[in-house]
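> Use the sequences and the hints to build the structure in full.
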Amino acid sequence: MKKILSVLLLIFVMLLSACGGVKYEFIDGFLYATDGKEATGTFEFKLNGYKTRAKYVNGLANGLFERYYPDGSIFIKNEVKDGIVSKIEVYYKSGETLAIIADSKYMKIFNKDGSLVESYDADKNETILYQENENPFIFTDADPTTYNENNAILPKVENGKEVDSNVITKNLVNGLSEVIVDDEVMLRFDDKIGFFISFYSTGEPMYIGNATTSETLIFSKNRKILYKDKGSDFTIYNKDGKPIHELREGVLILYNEDGDEIIMDFYKVEDIKKID
Numbered sequence: 007m008k009k010i011l012s013v014l015l016l017i018f019v020m021l022l023s024a025c026g027g028v029k030y031e032f033i034d035g036f037l038y039a040t041d042g043k044e045a046t047g048t049f050e051f052k053l054n055g056y057k058t059r060a061k062y063v064n065g066l067a068n069g070l071f072e073r074y075y076p077d078g079s080i081f082i083k084n085e086v087k088d089g090i091v092s093k094i095e096v097y098y099k100s101g102e103t104l105a106i107i108a109d110s111k112y113m114k115i116f117n118k119d120g121s122l123v124e125s126y127d128a129d130k131n132e133t134i135l136y137q138e139n140e141n142p143f144i145f146t147d148a149d150p151t152t153y154n155e156n157n158a159i160l161p162k163v164e165n166g167k168e169v170d171s172n173v174i175t176k177n178l179v180n181g182l183s184e185v186i187v188d189d190e191v192m193l194r195f196d197d198k199i200g201f202f203i204s205f206y207s208t209g210e211p212m213y214i215g216n217a218t219t220s221e222t223l224i225f226s227k228n229r230k231i232l233y234k235d236k237g238s239d240f241t242i243y244n245k246d247g248k249p250i251h252e253l254r255e256g257v258l259i260l261y262n263e264d265g266d267e268i269i270m271d272f273y274k275v276e277d278i279k280k281i282d
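In my numbering, each residue carries its 1-based index in the sequence shown increased by 6.
The hints are simulated quantities; they were obtained by calculation from the structure and are not laboratory data. Be a bit skeptical, because a hint or two may be false.
In silico PhoX-like links for lysine-lysine, alpha-carbon gap of 25 Å or less [to be verified]:
id	residue 1	residue 2
1	Lys-274	Lys-245
2	Lys-87	Lys-61
3	Lys-61	Lys-29
4	Lys-61	Lys-274
5	Lys-111	Lys-87
6	Lys-245	Lys-114
7	Lys-280	Lys-83
8	Lys-279	Lys-61
9	Lys-29	Lys-280
10	Lys-227	Lys-114
11	Lys-29	Lys-52
12	Lys-99	Lys-83
13	Lys-248	Lys-83
14	Lys-29	Lys-274
15	Lys-248	Lys-234
16	Lys-118	Lys-227
17	Lys-93	Lys-111
18	Lys-29	Lys-279
19	Lys-93	Lys-61
20	Lys-236	Lys-198
21	Lys-274	Lys-52
Distance windows between CB atoms, simulated [said to hold, decoys possible]:
id	residue 1	residue 2	range
22	Leu-182	Lys-230	26 to 32 Å
23	Gly-69	Thr-40	19 to 25 Å
24	Leu-182	Glu-263	40 to 46 Å
25	Ile-214	Lys-274	38 to 44 Å
26	Glu-72	Lys-111	18 to 24 Å
27	Leu-182	Asp-271	30 to 36 Å
28	Glu-132	Lys-274	30 to 36 Å
29	Gly-69	Glu-184	54 to 60 Å
Where is the CB? At the ideal position from N, CA and C, for every residue including glycine.
Below you can see the structure in the form of structure tokens.
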């Protein structure tokens, strides 16, 4: 995640291609006029097909860098200084904040109602997924911790054994085991294939992992999927069970309410014109 977010800071110092027949062009990340001078002023152009407006000083973006949906509403707003992005805000079509990325270190992703879906802190190397009541669901750092809907920490299992002292492990047949807390089955695992499943306090499946296939699934209490991964790829879902954040073969993708892909690290510039 940290590597992916670092790319976003450099998007305005990368080589971008502009269509022919324009009076301005990007060369090695700088905006030049056809006379070879670094451009200064307010410009409009299409970025990945979306109308974009930005101010440039001596060839580099400075100030607000805004992309718009076709209806004119704000799509993506960047704060830029000397071509370096310090903050990115992504919006739903209806105007609510979808994501905020700051200093290539911090990210928050939101449902349309403003509740958190995910947060990331590079300083802590920590990603937090949120349940519908906004209690943390799982920390994906060096020491993962899983919580049930009551915000109680679930028992951890290492090498087929639970590591908490206040739980009971019950060995079943054929390598199957159960972890019991307060007379309730909270976790089942299969030592032979590295498969385990944890449960909400009321019995619904919550967290499923398979070490053999390198797959993980996390579900809400109403059985909607919240997260899945396989290898280094992952998808995070909003409270309605629709994809909202994805890492696919190293490409960071967000989704708006219509399921449109918002690809955050691919840029094509067309139709550059100075408006001020």
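> Each hint: holds or not?
Results for each hint:
1. Lys-274 - Lys-245: violated, 32 Å
2. Lys-87 - Lys-61: Holds - the C-alpha atoms of Lys-61 and Lys-87 are around 10 Å apart, at most 25 Å.
3. Lys-61 - Lys-29: holds, 16 Å
4. Lys-61 - Lys-274: It holds: about 18 Å lies between the C-alpha atoms, which stays within 25 Å.
5. Lys-111 - Lys-87: Distance ~17 Å between Lys-111 and Lys-87 Cα, so the pair holds.
6. Lys-245 - Lys-114: holds, 15 Å
7. Lys-280 - Lys-83: Roughly 19 Å separates the two Cα atoms, so the pair holds.
8. Lys-279 - Lys-61: Given that 25 Å is the threshold and the Cα spacing comes to 12 Å, the pair holds.
9. Lys-29 - Lys-280: holds, 9 Å
10. Lys-227 - Lys-114: holds, 22 Å
11. Lys-29 - Lys-52: Cα-Cα ~15 Å, so holds.
12. Lys-99 - Lys-83: holds, 13 Å
13. Lys-248 - Lys-83: holds, 24 Å
14. Lys-29 - Lys-274: holds, 17 Å
15. Lys-248 - Lys-234: OK: Lys-248 and Lys-234 at ~12 Å, within 25 Å.
16. Lys-118 - Lys-227: Given pair Lys-118, Lys-227 holds - Cα atoms ~20 Å apart, limit 25 Å.
17. Lys-93 - Lys-111: Holds, because 10 Å separates the two Cα atoms, which is no more than 25 Å.
18. Lys-29 - Lys-279: Holds: Lys-29 and Lys-279 sit about 7 Å apart, inside 25 Å.
19. Lys-93 - Lys-61: holds, 16 Å
20. Lys-236 - Lys-198: Holds - the C-alpha atoms of Lys-198 and Lys-236 are around 20 Å apart, at most 25 Å.
21. Lys-274 - Lys-52: holds, 8 Å
22. Leu-182 - Lys-230: 26 to 32 Å: Given range 26 to 32 Å: holds, Cβ gap about 27 Å.
23. Gly-69 - Thr-40: 19 to 25 Å: holds, 24 Å
24. Leu-182 - Glu-263: 40 to 46 Å: holds, 42 Å
25. Ile-214 - Lys-274: 38 to 44 Å: Holds, at about 39 Å.
26. Glu-72 - Lys-111: 18 to 24 Å: holds, 23 Å
27. Leu-182 - Asp-271: 30 to 36 Å: violated, 44 Å
28. Glu-132 - Lys-274: 30 to 36 Å: holds, 34 Å
29. Gly-69 - Glu-184: 54 to 60 Å: Taking Cβ atoms as reference, Gly-69 and Glu-184 lie about 59 Å apart, which means the hint holds.
When the structure is compared with the earlier hints, violations turn up for hints 1 and 27 and for no others.
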